[in-house]
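Novice: Kindly produce the complete structure, drawing on both the sequences and the hints.
Using numbering that gives the first Met the number 0, you'd call the opening residue of the sequence shown number 0 and step up by one each time.
A hint or two may mislead.
Quick list of simulated restraints, FRET-style, between CB atoms [what the hints assert, rightly or not]:
1) Ser178 to Ala50: 13 to 23 Å
2) Lys188 to Ala1: 31 to 41 Å
3) Gly52 to Leu109: 36 to 46 Å
4) Ala106 to Ala54: 10 to 20 Å
5) Leu65 to Arg174: 29 to 39 Å
6) Gly27 to Lys4: 16 to 26 Å
7) Glu189 to Pro69: 16 to 26 Å
8) Ser177 to His122: 18 to 28 Å
9) Glu129 to Asn108: 18 to 28 Å
10) Leu49 to Leu109: 33 to 43 Å
Calculated pairs, SDA-like style, for lysine to any residue (alpha carbon to alpha carbon, straight line, at most 20 Å) [what the hints assert, rightly or not]:
11) Lys171 to Ala1
12) Lys171 to Glu16
13) Lys4 to Met157
14) Lys169 to Phe12
15) Lys169 to Lys188
16) Lys171 to Thr20
17) Lys22 to Gln153
18) Lys188 to Gly148
19) Lys159 to Glu176
20) Lys171 to Arg9
21) Lys4 to Pro97
22) Lys188 to His147
23) Lys169 to Glu21
24) Lys22 to Asp138
25) Lys188 to Lys171
26) Lys159 to Glu189
27) Lys4 to Glu46
28) Lys22 to Phe151
29) Lys188 to Val166
30) Lys159 to Val123
31) Lys4 to Gly72
32) Lys169 to Gly53
33) Lys159 to Ser117
34) Lys188 to Glu167
35) Lys188 to Glu46
36) Lys169 to Gly148
37) Lys22 to Ser117
38) Lys22 to Glu46
39) Lys4 to Thr15
40) Lys188 to Gln153
In case anyone wonders, no lab produced these hints; they're calculated from the structure. For glycine and all other residues, C-beta sits at the position ideal for the given N, C-alpha and C.
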Amino acid sequence: MAQQKGYRARAAFKLTEILDTEKLLRRGDVVVDLGSAPGSWSQVVRERLLAAGGAIDGRVLALDLLPMEPVAGVEFIQGDFREDAILAQLHARLAGRPVDLVISDMAPNLSGVASADSARIAHVCELALEFACAHLKPDGALIVKAFHGSGFSQIVQMFKQHFVRVVERKPKASRDESSETFLIGRGLKETAASRLAGRPDAPDADRSPRTDS
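Specialist: Put into structure tokens, the structure is as follows:
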């Protein structure tokens, strides 16, 4: 089904459902896709930002350790977004503009050992959260993939410490037997948004969560 619709992975349908339900994305937005390969989430975002004539109204920046086949209109940076050199590339492209939406379909390599895997999952979610707190505009949003199990409640609590509104979604496209759940955080709390204060590109915007219809 994914290939028939031109998507590189069925994960595209999961993001589509989340965006439809949460009404998160609008034309003109700046979106960063963490762990973007193979590129299906970037494809979905690109489609939604297309304006008349086929030009993208907004920005899509994708980052991954792995190479990714080009997606028209998507700016790809290969590397670890924790590294200063990669962040410098990202900041140069953003040119001082804050991010409206951060999306992350990242998942760690799992060992099958529950305690170790829970720690790895939490770490990946925390990395995405830290990135979002450093780059989102105050009324921005973050979507991350997590997994139910030991440590999940701690991940949710971590989100609630930083976002005004936090919801859990399991899209219909997720397999019934899968424990994956997507967390959506909307509107940075004052403590999280204050991390932007020392940055030259810090946004000056209303801190209330977006309520686009």
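Novice: For each hint, tell me whether it holds in the structure or not.
Specialist: How the hints compare with the structure:
1. Ser178 to Ala50: 13 to 23 Å: 38 Å, violated
2. Lys188 to Ala1: 31 to 41 Å: 36 Å, holds
3. Gly52 to Leu109: 36 to 46 Å: With a Cβ separation near 44 Å, Gly52 and Leu109 satisfy 36 to 46 Å, so the hint holds.
4. Ala106 to Ala54: 10 to 20 Å: Violated: the Cβ-Cβ distance is about 33 Å, outside 10 to 20 Å.
5. Leu65 to Arg174: 29 to 39 Å: Between Leu65 and Arg174, where Cβ atoms are some 23 Å apart, the hint is violated.
6. Gly27 to Lys4: 16 to 26 Å: 25 Å, holds
7. Glu189 to Pro69: 16 to 26 Å: Since Glu189 and Pro69 have Cβ atoms about 39 Å apart, the given range 16 to 26 Å is violated.
8. Ser177 to His122: 18 to 28 Å: Holds, since Ser177 and His122 (Cβ atoms, about 20 Å apart) stay within the stated range.
9. Glu129 to Asn108: 18 to 28 Å: Holds - the Cβ-Cβ distance for Glu129 and Asn108, about 20 Å, lies within 18 to 28 Å.
10. Leu49 to Leu109: 33 to 43 Å: Cβ of Leu49 to Cβ of Leu109: about 36 Å, so the range 33 to 43 Å holds.
11. Lys171 to Ala1: Holds. Lys171 to Ala1 sits at ~14 Å (cutoff 20 Å).
12. Lys171 to Glu16: Within the cut-off at roughly 8 Å; holds.
13. Lys4 to Met157: 36 Å, violated
14. Lys169 to Phe12: 12 Å, holds
15. Lys169 to Lys188: 25 Å, violated
16. Lys171 to Thr20: 12 Å, holds
17. Lys22 to Gln153: Not satisfied, since the Cα-Cα distance of roughly 26 Å exceeds 20 Å.
18. Lys188 to Gly148: Cα-Cα ~26 Å, so violated.
19. Lys159 to Glu176: At roughly 27 Å apart (the allowed maximum being 20 Å), Glu176 and Lys159 break the hint.
20. Lys171 to Arg9: 11 Å, holds
21. Lys4 to Pro97: Violated - the C-alpha atoms of Pro97 and Lys4 are around 32 Å apart, more than 20 Å.
22. Lys188 to His147: Violated, because 25 Å separates the two Cα atoms, which is more than 20 Å.
23. Lys169 to Glu21: Holds, because 13 Å separates the two Cα atoms, which is no more than 20 Å.
24. Lys22 to Asp138: Holds - the C-alpha atoms of Asp138 and Lys22 are around 13 Å apart, at most 20 Å.
25. Lys188 to Lys171: 30 Å, violated
26. Lys159 to Glu189: 12 Å, holds
27. Lys4 to Glu46: OK: Lys4 and Glu46 at ~12 Å, within 20 Å.
28. Lys22 to Phe151: Not OK: Lys22 and Phe151 at ~25 Å, beyond 20 Å, violated.
29. Lys188 to Val166: 15 Å, holds
30. Lys159 to Val123: 17 Å, holds
31. Lys4 to Gly72: 18 Å, holds
32. Lys169 to Gly53: Violated: Lys169 and Gly53 sit about 31 Å apart, past 20 Å.
33. Lys159 to Ser117: 19 Å, holds
34. Lys188 to Glu167: 18 Å, holds
35. Lys188 to Glu46: 30 Å, violated
36. Lys169 to Gly148: 14 Å, holds
37. Lys22 to Ser117: 30 Å, violated
38. Lys22 to Glu46: Satisfied, since the Cα-Cα distance of roughly 15 Å is no more than 20 Å.
39. Lys4 to Thr15: With Cα atoms ~13 Å apart, Lys4 and Thr15 stay inside 20 Å; holds.
40. Lys188 to Gln153: 18 Å, holds
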